[in-house]
Amino acid sequence: MCDDQSKCTYPNDFSKSFKITLMQGTSNSSIIYKATLVASVGGLLFGYDTAVISGAIGFMRTYYHLSDLMTGWVASCALLGCIIGAMYSGALSDRIGRKKVLMLSGLLFTISSVGTSLAPNLWIFVVFRIIGGMGIGIASMLSPMYISEMAPAAIRGRLISIFQLGIVTGILVIYFVNAYIAGIHDESWNVSTGWRWMFGSGIIPSIIFILLLLTVPESPRWLAGQKRETEALVILETINDSVTAQWELDSIRESLKDERPFSFSTLKEPKLKRALVIGIFLAIFSQITGINAIMYYAPEIFKSTGVGSDSAFMQTVLVGIINVAFTFVAINYVDTWGRKKLLLLGISGMAICLFIVGFAFFNEQKGYLILIAILGYIACFAMSLGPLAFVVIAEIFPTKARATAMSVATFFLWSAVFLVSQTFPVLIGTIGNAYTFWLYMGIAVIALLFIWRVVPETKGKSLEEIENSL
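For the sequence shown, the positions run 37 to 506 when our numbering is used.
Do not rely on the hints blindly, as some may be mistaken.
Said to hold, decoys possible - Using 27 Å as the maximum straight-line C-alpha spacing, the simulated DSSO-like pairs for lysine-lysine come out as follows:
#1 Lys136 / Lys263
#2 Lys377 / Lys263
#3 Lys263 / Lys376
#4 Lys263 / Lys497
#5 Lys309 / Lys495
#6 Lys70 / Lys263
#7 Lys309 / Lys70
#8 Lys495 / Lys70
#9 Lys309 / Lys377
#10 Lys497 / Lys377
#11 Lys70 / Lys136
#12 Lys376 / Lys309
#13 Lys497 / Lys70
#14 Lys376 / Lys495
FYI, nobody ran anything at the bench for these hints, they're computed from the structure.
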């Protein structure tokens, strides 16, 4: 950063200069959006592969005669792979580049889709689900990081939120695919064969992702960190005007001037502790407020209200549609209202809706109250914690530490997903539906207080400016 303002020749208001550049209608913005959309296909695979289990788990439970505990294990075993992928993808991407590791995630998705559809027994199925989970873990960490390292400050929140749009689109697509496959034949065919088709359908988007990655550039911040500054500047100049590109490269160079090799011990430094605490707790809260309990088990939840299998699948599709629709709220307002305001608004709504779901189950109410409350919860999540947890986590870490620190935060995210997915069937079987959803409501209230007191506003700031403020 330039300390002597009299000698600065680059724009002082970084985000404002980007707004001017984009408002001028240059063709550079198309490059930014192309890279964002390609990276967001990783989010689509993330959502697709994560939610495919929601349509298959009921049939697999019958096919393999699964207990509550084993049902939770089969639904959540992929999350072990997610944890592994999240742990190692940061260091690997620092070594060989963001693009190559994202391509690796696409390859893992492909292998998993083939293996789970053809698995001769439950344990072979579990192995291939874990392999697919590794791909999810990589994409969940690297896709938003890649977008954050490519995006101008003025629209970075919007672009990272498009990654979440990819996730919820993947969830919606697989809901339709599951519903279609489940309707091809009768219940017995679904139990014996239909669930295999559900998993095998992931081959097509996985291959598309790999091919699309060949068309986008490497992260300029990674290139700068590898001392390939000429290549980094070329990419920055395709995104911005030449003056702003040079200013941004100088900012990146300044943030990288500490020549000490980075290691996990560096995360203990005071300047990184606050960012790491925020990242870890946001990652955990985004999951233990119950979202994946609903996404994984939506058909089973709706069946428990007394509706039939077909109706439960269609209500699950409605959940996916609401998820996509309200993600656009975050995309439209995250860079104007700010991250913190949207988070507080959305989590407040989530807590209210979770209370209503628990109240409805407690009073054994049937009909549409539970559906309406769950849709309200999904809407509030989709406009707040869903996309904005990834936005904030991708913004708050300095360039040199970003990959490793995001790996740590994403590791906790997937550990929380594993905990929720593994325990939800057990909670339902022990304390019941009502108290399970009230438990998630209590956690949402705690998350609300944490965000109100601890999480900073980051809208409109460059990554380097956020680093300095933290």
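Are there hints from earlier that the structure breaks, and if so, what are their numbers?
Violated hints: 2, 3 and 7; rest satisfied.
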